[in-house]
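So the sequence lines, in the order shown, correspond to chains A and B. Count the first sequence with this note's numbering and you get residues 1 to 111, in order. Count the second sequence with this note's numbering and you get residues 1 to 115, in order.
Bear in mind the hints are in silico, worked out from the structure with no lab data behind them. Since this is a predicted model, take the numbers as computed values, not measurements. Keep in mind that the hints are not guaranteed to be accurate.
When the alpha-carbon atoms are kept at most 20 Å apart in a straight line, the in silico SDA-like pairs for lysine to any residue are as follows [claimed, not checked]:
#: 1; chain 1: A; residue 1: Lys98; chain 2: B; residue 2: Glu103
#: 2; chain 1: A; residue 1: Lys68; chain 2: B; residue 2: Lys71
#: 3; chain 1: B; residue 1: Lys71; chain 2: B; residue 2: Leu27
#: 4; chain 1: B; residue 1: Lys57; chain 2: B; residue 2: Phe88
#: 5; chain 1: B; residue 1: Lys57; chain 2: B; residue 2: Gly40
#: 6; chain 1: A; residue 1: Lys98; chain 2: B; residue 2: Val52
#: 7; chain 1: A; residue 1: Lys55; chain 2: B; residue 2: Glu103
#: 8; chain 1: A; residue 1: Lys103; chain 2: B; residue 2: Phe88
#: 9; chain 1: A; residue 1: Lys103; chain 2: B; residue 2: Pro108
#: 10; chain 1: A; residue 1: Lys98; chain 2: B; residue 2: Leu11
Read off the chains here:
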Amino acid sequence: KNEVEQSPQNLTAQEGEFITINCSYSVGISALHWLQQHPGGGIVSLFMLSSGKKKHGRLIATINIQEKHSSLHITASHPRDSAVYICADANSGGSNYKLTFGKGTLLTVNP
Amino acid sequence: DGGITQSPKYLFRKEGQNVTLSCEQNLNHDAMYWYRQDPGQGLRLIYYSQIVNDFQKGDIAEGYSVSREKKESFPLTVTSAQKNPTAFYLCASSIWLAGPYNEQFFGPGTRLTVL
């Protein structure tokens, strides 16, 4: 059974700090998704990656296929980054790909 | 504006009643999904649909039913058979189902509370 584990579960930071959220998965994946859930509940997709590193603004996502591990980094964190960050892996369930989600990391950035 | 809408945002129902959650998208996506989110747990897939008039059970389909009569709409009915219906329900859509890079677009969610 595929499992996706995130750490830490909760993270509190001061504005400007460098943030790292970790994600480990148990089964080989086709792609790893990082998602952001705002306090109101809406979810947006941040990254999809299967190797190396991707960068978008202050957000960086990396993945190590051999170690089955991915990290999401936020540089120069800001209070507006406060949200739940969720990783999910896309695995083939026959002919279709389904997402298995981690439980999320609640990030609070204080001014 | 293209997107996914869910209604209502908050829903209260009495135990033993069926209730239907609405999900509409104008993104012209073929695939649509329903997820359930509980505190301390990851999103779990209830049902998904690849095309009109076709849908498949996800990991936790018991006590739920869906229909897909139109490409834009994928309503979810929470029946009285669902033992623990109180949860946050999210609808999503993607261009197609197959492929690991199909980005899913999520609606704002409906919070269902059973009284």
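These are the hints, each one checked on the structure:
1. A/Lys98 x B/Glu103: holds, 11 Å
2. A/Lys68 x B/Lys71: violated, 37 Å
3. B/Lys71 x B/Leu27: Between B/Lys71 and B/Leu27 the Cα gap is close to 10 Å, so the pair holds against 20 Å.
4. B/Lys57 x B/Phe88: holds, 19 Å
5. B/Lys57 x B/Gly40: violated, 23 Å
6. A/Lys98 x B/Val52: holds, 19 Å
7. A/Lys55 x B/Glu103: Distance ~17 Å between A/Lys55 and B/Glu103 Cα, so the pair holds.
8. A/Lys103 x B/Phe88: holds, 14 Å
9. A/Lys103 x B/Pro108: Satisfied, since the Cα-Cα distance of roughly 18 Å is no more than 20 Å.
10. A/Lys98 x B/Leu11: Violated, at about 28 Å.
When each numbered hint is compared with the structure, violations occur for hints 2, 5 and 10.
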